[in-house]
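Undergrad: Residue numbers (the working numbering), protein chains in the order written: chain A, 1 to 217; chain B, 1 to 217.
Warning: the hint list may mix true and false statements.
No more than 25 Å apart at the CA atoms, straight line, and that leaves these computed lysine to any residue pairs for SDA-like [claimed, not checked]: (1) LYS184/A x VAL196/B; (2) LYS165/A x PHE177/A; (3) LYS184/B x ALA154/A; (4) LYS165/B x PHE177/A; (5) LYS165/A x ASP197/B; (6) LYS208/A x ALA21/B; (7) LYS165/B x ALA154/A; (8) LYS165/A x THR91/B.
Keep in mind that the hints were calculated from the coordinates and are not lab data.
There are 2 protein chains.
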Amino acid sequence: MSGISVLLVDDHPVVRAGLRAMLSDFEGIDVIAEAADGAAALREVDRLRLLGEPVDVVLMDLQMGAGMDGVTATGKLRQLNAPPPVLILTTYDTDADILAAVEAGASGYMLKDAPPEQIRQAVLSAAAGQTALAPEVAARLMGRIRNPEPALSAREVQLLELLAKGMTNKGIAKQLFISEATVKTHLVHIYTKLGVDNRTAAISVATKKRIIRSAGG
Amino acid sequence: MSGISVLLVDDHPVVRAGLRAMLSDFEGIDVIAEAADGAAALREVDRLRLLGEPVDVVLMDLQMGAGMDGVTATGKLRQLNAPPPVLILTTYDTDADILAAVEAGASGYMLKDAPPEQIRQAVLSAAAGQTALAPEVAARLMGRIRNPEPALSAREVQLLELLAKGMTNKGIAKQLFISEATVKTHLVHIYTKLGVDNRTAAISVATKKRIIRSAGG
DNA sequence: CGCGGAGTCAACCAAATGGTTGAGCAGCGA
DNA sequence: TCGCTGCTCAACCATTTGGTTGACTCCGCG
């Protein structure tokens, strides 16, 4: 009752158990429920509200094997009224992941290899309505702002991701509900910003700069 | 003393805590040490032997952020005399990962999203000197034997690597001292074997199958 | 020795991609 | 309100890539 109530969302039982064990060591933080994917998370938030035990913070993974992914779930959660803050806890710190999460309305972004104390602080911040970024993530965002060179727009990063999956211009156009012409326009901008002149080189540079994740993960 | 002594090797504190919590629920299994990467694992095994508390089973992740990766560590462990069985516990079940682990001498391969009971059984099997494969992994191996994929030749892999760097056919031709025509011939073979029809998709698939390393490394 | 696979190359055509110019629209901050 | 930026689209052309066919060499294996 007195503590911050947390809902864990991760498809790995091992990770859920780890977070539960880790957070249970801290005063004032109570893990009151778990969910294995985004859809289950939405159900849990709903169920707990009806029980009069609303969730204070949702701790959410991004990559969710089979079910609804973390970004989608975050977006849907934020559409509730008085939505709980969503703290992303994931493995990767690429621009694509970070931007997508922030855009969806996440109030924090932490990495799984973070020390327990850092995760605790992030949960407290989120519960207090503040944002909490892992130092690595914060550094990336700062660099993004400071750096006059790259600064790809969110839309461009989105295209880059589809590019890296091996999709053709036509496929990308269809997927994003825009014309091939627009896809080409975006690509030209991407090439210019990355200093390359074809799609494979763009993928290579973007992967190296951790703007996107490689296919392997 | 009565239980099976386990060494956890994983670079994520969260996962180590989860495994520790999960395994501590089981009778007869004792987590006696942890390591954050392969090199630390080797040191731990050594140290515990000197203390007269040898490790019965090593529970090892494959992807280890910075330090020595799991395959390498497994190989080195197997070179000890009376080596402890190594049970791989990882996120991905790609052919390349599985084959590399088995080749390195792992005595089991489990996935992190496995239910606790399955992990327990695997630890017991490994301790008893038997092999333990997750059902998904076993299925993959069976399928592979029944339906072997055409292997890429060394030359084709070499091309693939240059492809992934973003080079054009002309550039690749120059680099390898062959004609563009030859490059195209190789590419067609690569596409056929990978089941794709353009270079970016080839890179995507090859990265996913770990035939090549992604640019990010 | 002959067979087959791997690697090399050429010629040709279809399709995708790259590059350029120009332009309309929405949102945002000065 | 104006100007800027980002997103959208079109038309056009050059270049690259994809796909096919056929052919030559080298090399290991039965």
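Undergrad: Could you tell me which of the hints above the structure violates, numbers in ascending order?
TA: 3, 4 and 6
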